[in-house]
Amino acid sequence: MLAGPVVSNHRFASLLRLAGEAIRVEAQFGTQSLEALAWVASTVGASVYVPESLVRTPTGLRFALANPPLRVGAFSSLSLRVDGVVVPSDRVRVRLGPACPWRETALLTPSEPLELAAGTPIEFDADWPLREGGGEITLRLEFHNVAIPPLVWLEVRGTPREMEFP
Amino acid sequence: MSEPRVAGAAGRRAPVLLTSSASAVLADGRGDLCYARESRGAITEWGGVYAQLVRLTGPWTLELADGSTTTDLPSCRLDDAPFPGGWRSHHRWNGLSIVQDVVAISPPAGAVRRLQIRSTSERPVPLTLRSRFSPYLFPVLVEGIRPLEFEVRTAADDISVRHHGFGLRVATTVPPSRLTLDGRPWIGGQYRGALTAFASEHEVTVPAAGSLEVRWQLVGGLVRDLDAAVADAGGRVGSPDEWAARRADDLRRWTEGTPELEFPDAPEFERAYRSARTALRQLYTAPAPEMVGLVAGYPWYSAIWCRDLAVMLPALLWLGDFEWVARSLDTVFRFQSHQSLPMLAGEPGELPMQISPGPIFLYGTSDSTLRFPAVVEQMHRHTGDLSSVTEWADALHRIVEWGMGRSDPATGLLRHGGEAEQISETTAALTHVRYGIDSPDTTIWDSADRRDHALDVEVLWWETLRSAGQLHGHAADRERQATCEGLATRLAATMRDRYLWPEERYLFDSLRGSKPVARVRPNALRAVSAGLLDPSAARAAVDRATEEDLTTPWGVRSLSSRDPGYDPRAYHDGQVWTIATSWAADAAFSVGARARGIEYLRTIASRFEAEDGFANECYRGDRAEPYNSCFLLGFSVAPFLSLLFERLWGIRAGGMDDTVRVVPAFPDGWKSARLRGLRLAQGTLDLEWSPGTVTARWNGRRTLSIDTGGSVREVLPGTTASLDLPPFAER
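In order, the protein sequences belong to chains A and B. In terms of the working numbering, the first sequence opens at residue 1 and continues consecutively. In terms of the working numbering, the second sequence opens at residue 1 and continues consecutively.
Don't read these hints as lab results, they were simulated from the structure. As the structure is a computational prediction, the values presented were derived from the model and not from experiment. Ideal placement from N, C-alpha and C gives every residue a C-beta, glycine not left out. Keep in mind that the hints are not guaranteed to be accurate.
Claimed, not checked - Below, a sample of chain A positions facing chain B; criterion: calculated Cβ distance under 7 Å: (1) 50; (2) 53; (3) 67; (4) 102; (5) 150; (6) 156.
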């Protein structure tokens, strides 16, 4: 019952497996390597998706990133999936911070790409109504860089907050 | 204020790169440590200070204000130039003459900037100097992520900024009078939170008809090393003159220990050799006492990538830096995995993709591990030192076992692909936020899917088996030697049997399952250079590679322009890579096509010259324009250096039994060539070539046996011998 209701058996097994690996890394390469790995993992985990930014809007949802995920550069397409379903690109908008205009992701092309640098904040707004009273959802973003083909992706599991109006 | 300038396109001036043993400074040469460069298709700012493979800062600017007006350094710049060990810019503003010196330092690792301000005014001139930088404090390897939160502290002598265990300390010879965090005044003490820009102001007065000097020192890396290094240095701000003199002396001594090459008939090759040698030296790094290597390139690969290191180390053997090679190999093999580590995609026997004094970054490439056995074997041939051969043979045996675990027992082919997927699987259930790059394969062209049996990876596997077999032989382990030789023989037969592509008179790029992947890539030429094909097939492949769909005037494409998947901007599916041009040169020489080999080398040399001594990573496939390219990559200089010795001079070291083979491939029309100071085992060798003859002077402790292809001659220590060369068989 150690895992209890808050930690699934699957997750508990994963945690145990990871802990075992961490011990092996420490045994072979020392505490400092393991510690530094933890710094990096912690920073990467905390520096892209803005915690609690996922909110339900009158037409769908909105969320934000504080850094591009793992790659800088020009992105010729960007797709959003909600619980595995692709949101049509003409219903997804993106902007690089509140001072920038929204851009429809359907209009991103190799010659009109979305340009992301380290530290660039990115906001997403999608017309994709979420089911009433629904719980946790999974968002998946896929970015296609103009120079390096493999997709860069980000997955976030979270429960949307209700949007606060002033 | 001056406008930002973007580098990376053709015709722009070269960047400023200053390096020390554990730090680097990047700038655009206009006066501040700013450097905007196209990266991955968009403009990214790479200027600033790097140390211990950690990016310490983003752009770092200095401004001067006299109460009514303000200037930045680029706006008042007169000129700039490197000086031995550093870089200097001259500026003039409001009657003041300003000289700025910038030097990379270590230890502590970082940079020193100095402003010397001279006034001709009859009255003292009060000034405010403003320093502003953006803290970064994250390993360079993690692309695209800048930490959000930092801890800032003021102390008696300096100001520190930290993020986890990464940190920087900045000190000045003139204490700050005002501090700001993101433009907000800060009285000092301790701050923890978001931070984009840290700035300090320093009030100074330039004496009447006099001058003053202000220095900034910004150092950092891992906090655990940083504080000790600063303490050891006495906490003082270093003198750029002393640091620069030390760096210049270090470079001079290193250069004096390397061979000199003279090609009177091709002075462009002499210049290219010297340029590539200096460029390679800039990549040396020792980010921690027990960690030595070369960084892959600048700006965004300024980390130790083991694949790149393995490509560079043979050039260091030719340059005679045996110690750096040995220490680099010791460093990498210390990280050889002894257990399965799915979290890092590591398997027993495997070598990592990237290493640093902080975290180890991932195993899980198909080729990094396979590149090292041949380097170990070559090190033994150059040094002649077999004292540790048993330990090395054991380490290589672990690699062979790792490779055997991935091999098809029937064909001997090694399977690659899927390496990175296990990392994602390992962490899938643990976090609410996951990231990844859908990279199903991790060969040298790691953005292309070349599963399951890319030919160049099979060649590396064959070289691994052959090198391991040779080392086991030296270690008198006949059983393992025979096993490796048997596996290598079978693998070679499979490659000859499965990869020939008669319709194209070339070689298939890969096998997916057992089905050939019919794509024309330069990687296949590695099988030619390895001597795995019969002469007619090898020659046909070299001829095919010279067609214009693969070979351009600025180098060799990563994929034929006739391929349906060709894209001139795609990193590994169309762009021109200098390392691919080196492969083509290597293959051409290996089949006796001297003229073609020379032309490929000349293409590379012309790039070095056009790029002011730097060597771009890659270019667009449709024009000679760097695109998504580091401005200096070890891949682009080291193979060129090796080819000058291995193919043009035709030298093969045999230091273990005091032999050397010298079969030059100088083209018709050349009248002479000289090589002085080639380090070999316990001595140095000088060679002088003229058509039909090579004269050798040997300065060693034991007799050297020289094989010129037609005859073998014993040369006594301290003597000179003239040897006849057989006619070159041009094919």
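Item to check | List of violated hint numbers, smallest to largest | outcome: Hints 1, 2, 4 not satisfied by this model.
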